[in-house]
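Chain by chain, the residues:
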Amino acid sequence: MKYKNIDINQYVKAKEYIDTALIPLIPYSFSNDQELEDLALQGEYIYLFANQIEKELKGRVFLTPEYYYLKTDKITETESFRLEHLINHMKSQPFKYIFLLTFDNKWRKVTKDMDAELIWIPAMKGGDLNQSETQQLVQSQIEEIQSLIKDSWSE
Amino acid sequence: MTDKKNQVSRRQFLNYTLTGVGGFMGAALVAPMVGFAVDPLLKGEKDTDFVYVMDENEITNEPQRKTFKVDQVDGWYESQVDRTAWVFRDENGEILALSPVCTHLGCTVDWNSREEFSNEFFCPCHDGRYDKNGVNIADTPPTEPLHAYEYKVEDGKLYLGKAKSRKEA
Ligand code: FES
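For the protein sequence lines, the chains are A and B, in the order given.
The numbering used here puts the first residue of the first sequence at 1, with every later residue one more than the last.
The numbering used here puts the first residue of the second sequence at 156, with every later residue one more than the last.
None of these hints come from the bench; they were simulated from the model.
It cannot be assumed that every hint is accurate.
[As the list claims (entries may be wrong)] What follows is a list of derived Cβ distance ranges for each label pair: (1) TYR232(B) / GLU133(A): 23 to 33 Å; (2) GLN227(B) / GLU44(A): 12 to 22 Å; (3) PRO122(A) / THR222(B): 21 to 31 Å; (4) PHE272(B) / LEU148(A): 14 to 24 Å; (5) ARG244(B) / LYS109(A): 54 to 64 Å; (6) ASN32(A) / ARG244(B): 52 to 62 Å.
Since the structure is predicted, the reported quantities are computational estimates derived from the model, not experimental observations.
For every residue, glycine included, the Cβ atom is placed at its ideal position computed from N, Cα and C.
Let the sequences and hints guide you as you build the complete structure.
Okay, structure coming up:
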């Protein structure tokens, strides 16, 4: 399910079946041109990943609006509080499973004690989304993430 | 006296006209916007197009997964999207091209993916099951059979159109 009127209509009628939330974490920063370029590209990748995962598992996974945050050297306390707040909000709906999708490995430490599972994808620098090798790589990673989500359902 | 009377009616007059014009302007603004927003959504997929998927003689009794691209009008954008079909011949030799979209809540079903449910379509989301012809199995969440694509065969080539519900079939 996506954050779209048409999907929400379905969601509110079938909440008990849609017990998994997927939250894409998207950093941005305008202080360094190269970094800005890299982050924007990563944002596009995350969008692609999230959409493909949702497409296949639409009936059980809710893809939430993207979670944007300012990229800093260290994840600030304010930022981790904000995320935790969101996770708790989702948990209480109740979404039973919460997955965070990110390229930013700084979240690993910070989210350790949160009630969510971090899916960390190694950052991709450069590369062209339209190249067939890139697509194949992305496709296989997407399949891996999907089976990770499915596995957690059957645990 | 007359002056005062005039004033009142002038104010009233202004009031009426302004509300009237305002109302008009509102209506004029809102109407086309609603039209804009709703129109493209209503158009959906062009249903005229059949797309080549495979040669007729490649079709087996075992369902094969085939992907193909269709043009889709989604909101304001026209884009190409991937479609998937499970194509095979049923026990009467008829061609069947099933949509993998689970009729429960839309996850993607897989063929023969579970040992315990061999020769079935299985939905990983809530264990929805369908027999080989895509008919939903009782006591699993789906409420109708998998949709089937319209198809045509020309010069030994299989073309698929839109996936349609088979509820009334
Ligand atoms: S979406 Fe397939 S069983 Fe629920």
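Evaluate the given range 12 to 22 Å for the C-beta pair formed by GLN227(B) and GLU44(A). 20 Å, holds
PHE272(B) and LEU148(A), beta-carbon distance inside 14 to 24 Å? 22 Å, holds
Is 23 to 33 Å right for how far apart the beta carbons of TYR232(B) and GLU133(A) are? Given about 27 Å between the Cβ atoms, the range holds.
For the hint 52 to 62 Å, verify it against the beta carbon of ASN32(A) and that of ARG244(B). Because 60 Å falls inside the window, the suggested range holds.
Is 54 to 64 Å right for how far apart the beta carbons of ARG244(B) and LYS109(A) are? The hint (54 to 64 Å, Cβ to Cβ) holds, given that ARG244(B) and LYS109(A) are roughly 56 Å apart.
Is 21 to 31 Å right for how far apart the beta carbons of PRO122(A) and THR222(B) are? 27 Å, holds
The earlier numbered hints are all upheld by this structure, with none contradicted.
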